[in-house]
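Enquirer: Each chain, written out:
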Amino acid sequence: MVDEEDLPAWSEPFATARQLVRAANLSSVDRDWAWGGATGKGVTIAIIDSGVERDHPRVHGRLVESVAVQTTADGHHTVEPDPSGIDLFGHGTACAGIITGLAPEVDIVSVRVLGADLKGKGTAFAVGLEWAIERGVTVANLSLSSKSETLFPIFHELADDAYFKNIVLVSAANNVPAPSYPSLFASVISVAAHSEPDPFRFYYNPSPPVEFGAWGVDVPIAWKDGTEIVATGNSFAAPHIAGLVSLIASKHPGLTPFEIKAVLAATADNPRSQPT
Amino acid sequence: MSDDRSSDLHANLSALRASVLRASIAGRLHPDMEQRLLQSIVDATVRLFDAEASSIAIFETDPDRLVFRVAAGAQGAGAIGLSVAPTQGIAGYVYSTGQALALSDVGSDPRFNRKAAEKTGYVPRSIAAVPLLDESGSVGVLQVLDKRGEAAFTLRDMELLAVFAKQAATAIAATRVQRDLPSLLRSALSQLDGDLTDAQLESIVSAATAGLDDAEESPLWRVADAVAQVSTMGENEQELVAQILTAVAAHAKQRRRR
Chain Z
0 MVDEEDLPAW SEPFATARQL VRAANLSSVD RDWAWGGATG KGVTIAIIDS
50 GVERDHPRVH GRLVESVAVQ TTADGHHTVE PDPSGIDLFG HGTACAGIIT
100 GLAPEVDIVS VRVLGADLKG KGTAFAVGLE WAIERGVTVA NLSLSSKSET
150 LFPIFHELAD DAYFKNIVLV SAANNVPAPS YPSLFASVIS VAAHSEPDPF
200 RFYYNPSPPV EFGAWGVDVP IAWKDGTEIV ATGNSFAAPH IAGLVSLIAS
250 KHPGLTPFEI KAVLAATADN PRSQPT
Chain X
0 MSDDRSSDLH ANLSALRASV LRASIAGRLH PDMEQRLLQS IVDATVRLFD
50 AEASSIAIFE TDPDRLVFRV AAGAQGAGAI GLSVAPTQGI AGYVYSTGQA
100 LALSDVGSDP RFNRKAAEKT GYVPRSIAAV PLLDESGSVG VLQVLDKRGE
150 AAFTLRDMEL LAVFAKQAAT AIAATRVQRD LPSLLRSALS QLDGDLTDAQ
200 LESIVSAATA GLDDAEESPL WRVADAVAQV STMGENEQEL VAQILTAVAA
250 HAKQRRRR
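Chains as they are written, first to last, in numbering that gives the first Met the number 0: chain Z, 0 to 275; chain X, 0 to 257.
Simulated from the structure, these hints should not be mistaken for lab results.
Incorrect hints may appear among the rest.
As the list claims (entries may be wrong) - Here are the computed distance ranges between Cβ atoms for each label pair:
#1 Z:135 x X:147: 31 to 37 Å
#2 Z:75 x X:202: 31 to 37 Å
#3 X:206 x Z:75: 22 to 28 Å
As the list claims (entries may be wrong) - Facing chain X, according to a computed beta carbon distance under 8 Å, are these residues of chain Z, among others:
#4 76
#5 77
#6 150
#7 200
#8 217
From the three backbone atoms N, C-alpha and C, an ideal C-beta is built for every residue, glycine too.
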């Protein structure tokens, strides 16, 4: 055995790697192993969106914290507590409702990055995402993205930061094949919509950048002011995967983003060829 | 900047000025080009989707609003001129997030957007909205209301709609460039020569565009405006004007030769 002291700096951790307990090979991973019996308990998910309506029946009272990105007089963005517990559009509540539908005991943190003085600015989104990563959550649902090339390096840095902190970013793919961040980054789980009405039905797409497909067509969703409507969009596919990720993370705490991605790929509904 | 390069730049000024003039006249002759392009896009959208209505809202500042500029379809007319806050409703969400969205069963929800919908005289059952995106982000929203005979929009619909939205965004970008020639010149020049200082850029731009904006009453603009008016008249009137202009031009040429 090599003496640990002789190892170059970046190699040191591998000396203890054999102590890590990891999942068995992927073919033995099934849905029962992945999330059977899980409720999302112990997992915190950030919903970076338009806010989450605290009292909406489909949120099941799981909102534990609400913050909002604000613009200061000199044009900077800060993150402040948002005790109002409201959703400006209904969209964040829709995501929350889909997630609690899958993982009823997950804790929700709402990070509002849209609002009267924000106009959906990419920088507000980045500031909100940074706050969620710093706060420490297990999963973040990003049913929005930025097209801004100038924000590319900022989102790249944030996506890496989340990845190395074991925070899974689940991002809605853009409907238009055009650059959008962070949904195009390899470290995030990027999701597009399929039309089969089953919240547990999802597919792995072997042709990235969009890696997973989940229900996103004619989805009955929670909406503003305690209502429900039926909606279509990748924004509603992403929370289905975020809900499943919450379940997996609650049953297997400490899994890394790449392990969770592998578990999702192993349990996806894609047709399987017989093992050879 | 060296003297040589300076003189090169100034030598090109007359060519630049000629182009600017031509573009200004083109803009003048078709002042509603953006409107017409956008109208053709909503017309096509309504036809293709067999929808009750389609409209395009453009983001405008001071105050920040999404203003419905064009609409088409049996139920579309009421939307024109209507404006909503960019933080409200489906259009606001799509504009703010750049994410496409479709909703159905809209009318069954009494609180949904009813105020704005009622202003148009039409409350839809279903709605699909996609952002108009350019390099800097959203500039507006393209909406379609109620496909006849179908309760909801499909993913394929969303994809098609995104293609139409791209055309609309391109049309807006193109006509805005035409409308703002000085800033176009500025950016073109600074790309050609990164060493130009702001002051140098400004002097070139103002030399090239001098007299274009402030000489509203110059004979040239009166001619351009008159030609623009003629373009909406009948063939006989246009033929008459063309003959008069040709005769005047020929006369002027002869006078110059003498």
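Enquirer: Would you pick out the hints that fail for this structure and give their numbers low to high?
Expert: 1, 3, 4, 5, 6, 7
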